[in-house]
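Model the full assembly from the supplied sequences, consistent with the hints where possible.
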Amino acid sequence: MVELTVDGNKVEVPEGSMVMHAAQKVGLYVPHFCYHKKLSIAANCRMCLVEVEKAPKALPACATPVTNGMVVHTCSEKARAAQKSVMEFLLINHPLDCPICDQGGECQLQDLAVGYGGSSSRYQEEKRVVFHKDLGPLVSAEEMSRCIHCTRCVRFGQEIAGVMELGMLGRGEHSEITTFVGRSIESELSGNMIDICPVGALTSKPFRYSARTWELARRRSVSPHDSLGANLVIQVKGDRVMRVVPFEDEAVNECWISDRDRFSYEGLNSEDRLSAPMIKGTDGKWQEASWADALQAVAQGLSRVRDSFGAGQIGALASEYATTEEYALLGRLVRSLGSENIDFRLRQTDAAFDASLTGAPWLGMPIAELDNLDRVLVVGSFLRKDHPLMAQRLRQAAKRGTQILMVDSAADDPLMPVTARITVAPSELARALAEVAVALAQAKEQAVPAEFASVVPGDNAKAIAASLASGANTAVLMGNLAVASAQASTLAANGRAVAGLAGGKFGFLTSGGNTVGGYLAGAVPGKGGKNAAAMLAEPLKAYVVLHAEPLLDADNGQQAIAALRGAQFAVALTPYRSAAAEWADVMLPVSPFTETSGTYVNAQGLAQSFKGTVAPFGQTRPAWKVLRVLGNVLHLAGFDDETSESVRDAVLAGGIEGRLSNDIKAPLGLGQAGTGLERVADVPIYRTDAMVRRSEPLQAAPASKKPAAAMNGRTLTSLGLTAGVKVRVSGGQGAVELVTVQDDAVADRAVRISAAFENTAALGGAFGQISVERA
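Residues in the sequence shown are numbered consecutively from 1, following this note's numbering.
Keep in mind that the hints were calculated from the coordinates and are not lab data. Mixed in with the good hints there might be a few duds.
As the list claims (entries may be wrong) - In silico DSS-like links for lysine-lysine, alpha-carbon gap of 25 Å or less:
#, residue 1, residue 2
1, Lys527, Lys462
2, Lys705, Lys205
3, Lys54, Lys78
4, Lys527, Lys399
Claimed, not checked - Restraint-style ranges between C-beta atoms, simulated for each label pair:
#, residue 1, residue 2, range
5, Thr675, Glu642, 54 to 62 Å
6, Ser470, Ile100, 28 to 36 Å
7, Asp239, Ala352, 44 to 52 Å
8, Ile100, Glu642, 44 to 52 Å
9, Ala352, Gly566, 46 to 54 Å
10, Cys75, Ala211, 29 to 37 Å
Idealized CB from N, CA, C, for every residue including glycine.
See the structure below:
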């Protein structure tokens, strides 16, 4: 530790710290623009100049290392004079457009200009002008004349997002921040550049000129879009969500959020919002109804099916971002009716997966522990797109020496060094893990599992095993693709075996915003009950569908729609009309996460409760209230809860930790390898749920581009095809026409075709064999 004095306060800080860190430790604020605690030190704004005794001139606090006995003055006459001089230089070219700037009212430059700026400028020459840049549909760079060249955005891209999409050209007053040769920003974390920009140079394009910051009410919430559970601040004007920004929580999302969390609110204001209960008449036309009539129609429809066909013909389907309270009451409803058919995992295809679980699958560690791992094997995950902020944590860990290992079907660039990886078709993932297990057992001179006796590890498997064997704090993490696979239980068993041989942790990244909460609330089939895949493959007579958009949320959307259309009765609890209009008999408008109270349980098992941030739209009601009242209309017992908190407390009574388990009872295996072409189906980051799919800015982003048939060069050649030709792709359910793209990251014998698009739903399931022929 180094001891120094800052403004008369003695302070001890670790060796290698800067004066800025010492000042912050004793609660002193040093003005700054370019310094950010999560970014490297640039020292290019010079606003943090301070006086250091025995130094001939003022020094930048952010870049001056502390020494024993150093005496620092942050607000002496010399320091103030230096800081005021810097502020004068910064304001020389800054435009006088505070009255129309979106940053007005929350601008660091404004705040510091009050304390350190002059009342008038001595500068009489013309100000410089910087031409605006088009950075894409999310980040606006229309007023780059405001830029003060702090380079926070450049460093964020390089160091946090992992890709240098912005850089600085020119020198002196001709310097400007720009993209590479007119390209747009495509990072899934790009919106954080808006937050860290200390002036109004980078602003939110969807929010642009729509409200002033002092008009907005700020309310806490939790993101529903992935298993991290990022903490949000929802900014509201009237009853409309205007903007979403991060709430700092070092243990969860640090001070960042993904663009999916930030811009999905545009889907809340979609014209597709359902504003009143709707009942389909005998003529097939929709008619608006009162809540009393609509609930009565639902009760009659469910009772009719139960009385005529038995309770086992009633099923409940939900999405992975329903709240824990909604899951609990949905389960209570169908079980009170006598059915065990309930599931929220609409993309899961392995019927044996439930039997292999001994508790709720979870990450297996706190999210912050990802920072401390030294070896990480990620199995079956499009990591950057599925879990952008977990990928960011692993990216920082990789900089400190953590070795990242991957087993996947598409070798996407995670924007971090990958020590070793195996890329194979989906049906071969289990064998790939078996190879790693055998190589690891041999490296550690342990017995090879009998089930893997015939397996001979390849070079890549040996490289992964050698890395895992050399680690002291390792983890094996199962991704979304692995859990959705028809061989999920075998993959989990093999992954668990690899983790055991490596002496490391084993966990699931978990796909939805409340996957763990769904397990805890019992929104999975009970004894004799059917899972989602079975309910749709062997159609039932009645369905209750909560929040889901089956065509795009289910593994086999076409099959799901056919089952729902053929049912005697189907009710949709949904915020969006188009999600259910073609198959439902009754549509009940229920609240998205901003209009209800509830709880999400993230991947680490942390329960985070939140309140509604705006009043419900139209006649929309919170889904937990709708389900509770529906139970009363059906005269079922156990629907007396007055608050969502009482439902939550009933679910989480006794604690969460003891109900989480990653022990897998399934036997080890090599899976069933395919012979022909196989589909690799990713769910693009901005197509994961109904709200995101209705956010126009996110749908305009490159990540939402139309699906193509992506294959590596070898596969294209073997089919006699080239990139850019139209092909007919046939699956188990139907066929679609797509354009070929050469992507050498895709495994041999595999064709990458994105799911969650209307035009690829005809292919049926996300896994299995397909055929490709020139159209």
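Which numbered hints are broken by the structure, listed smallest first?
Failing hints, ascending: 1, 4, 6 and 9.
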